[in-house]
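2 protein chains.
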Amino acid sequence: MSEKIYTAGLVVIGDEILSGRTHDKNIAQVASWLQVQNIRLDEVRVVADVQERIVEAVNALRARNDYLFTTGGIGPTHDDITVDAVAEALGVGVVIHPDARAILERYYSDKGGLNDARLRMARVPDGAELIPNQKTGAPGIKIGNIHLMAGVPHITAGMLDALTGSLEGGAPLLSETVGGFIPESEVSTLLREVEKAHENCQLGSYPFFREGKVGSNFVIRSTDADALQSCMHVLCEGLGELGFDFTPGGI
Amino acid sequence: MSEKIYTAGLVVIGDEILSGRTHDKNIAQVASWLQVQNIRLDEVRVVADVQERIVEAVNALRARNDYLFTTGGIGPTHDDITVDAVAEALGVGVVIHPDARAILERYYSDKGGLNDARLRMARVPDGAELIPNQKTGAPGIKIGNIHLMAGVPHITAGMLDALTGSLEGGAPLLSETVGGFIPESEVSTLLREVEKAHENCQLGSYPFFREGKVGSNFVIRSTDADALQSCMHVLCEGLGELGFDFTPGGI
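These protein sequences, in sequence, are chains A and B.
Residues in the first sequence are numbered consecutively from 181, following the working numbering.
Residues in the second sequence are numbered consecutively from 181, following the working numbering.
Hints were generated in silico from the structure; no laboratory data involved.
Model, not experiment: these values are computed from the prediction.
One or more of the hints may lead you astray.
When chains are identical, the list treats them as one kind, so a pair holds in a single copy or across two.
List time: in silico BS3-like cross-link candidates among lysine-lysine, alpha-carbon distance up to 25 Å [unchecked claim]:
hint: 1; residue 1: K291; residue 2: K393
hint: 2; residue 1: K205; residue 2: K393
hint: 3; residue 1: K291; residue 2: K315
hint: 4; residue 1: K184; residue 2: K376
hint: 5; residue 1: K315; residue 2: K393
hint: 6; residue 1: K291; residue 2: K205
Sequences are here, hints too, so could you generate the full structure?
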């Protein structure tokens, strides 16, 4: 039985990532969260705050994935254009969401009240629902298979929390890791053969340099628990036959 | 006078980034390095270790940029397929580069010698030059406007060092920052007007949450030093008129 695999795309919006000013934390955060939802992150695009580029990335990745996520560009300033871009991509208008306006009115009631800039954060593509934001009021936005989230990582984290368990995923992708001070160039034939012999498993090799020595972690991924264990067993046996010390779980 | 702006694309190759297992460090590293070369990073794509996906991303970004960089997938194992993907994208064959072979022979002479896996790291798209790798022997690869670099960040760093100053860039993109505990939603009209009045400048607003308070840094970027200073002056004056404390250089 071959189960459906659910995939997601991620569009990271922001000149500040492309300029090197800000180190992106959302790719890793969204990737890890998707793993737990049993959804695979298929591709990430980082694009500038330019509407046509956001539209292009959104349309490319929403078409080929079950879900699309965006981070960034939903704040109150002139460079926050993600809502407009997603509305254009979907061919719908932009409206003020009444619940978002109410949330922002409450949130800003003791902070000077709702002004035009703050009201921008109630704008959504027509037909959208809200994603709760416990941190700063301004909600995320869900329309069709697209989820618009904040750029500031701790706010994105709260929005992901709010979405946890709400998206349909596939069979869990299980993984096992084994590692050691093993140069990957001395075991590449073994790796290739082990992967070839276990067609339900992917085997990745991740080299590192530590304590003056080269080493690798080998990660096997599969949705089939038995195949995973069998693959792991054969790999460890092979590493042992080649005379290498290895540590289950990786180092 | 309008000077040419040089742009680059970056393709980050690796299942380990998409799975959340590894936090990418190359986007920020390449972005910062490009700034110093006066080249703007236009778009990043993170794709899986799947040849057709690498080919697609390479072809999309090499066509629309002056330069293309890739990180990852040039090691000795079965999942290292970047060379094959780039050769396919360019419609050329894959050959063993004699200088790369010589470098690897020297590097591995006291490490068990050159085996088939290690020789894989001498494979290049036909017509390529090498990018020196002082750290671990296996060179990066340059063909046309494409630069193939390692996935391991400290090796990539060495390859970027080797390329420093060798790529033609445009006028330096200068920037000035001012920041404070200023909610961006209270200055968005000011920001929009300041940007509109300085057409050679881009003005970005980067909110943060720190010490229990919201704040923002505002970054002005321009290739025109006078326009930048004038824009900065007008922005600071405006922030002062609105009653905000601000810190040049950002906080």
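Comparing the hints with the structure gives:
1. K291 with K393: between (55 Å within a copy, 12 Å between copies)
2. K205 with K393: between (29 Å within a copy, 21 Å between copies)
3. K291 with K315: within (15 Å within a copy, 54 Å between copies)
4. K184 with K376: within (22 Å within a copy, 49 Å between copies)
5. K315 with K393: Intra 44 Å, inter 12 Å, cutoff 25 Å: inter-copy only.
6. K291 with K205: So K291 and K205 fail the 25 Å test inside a copy (29 Å) and across (38 Å) alike.
Going through the hint list in order, the structure does not satisfy hint 6, though it satisfies all others.
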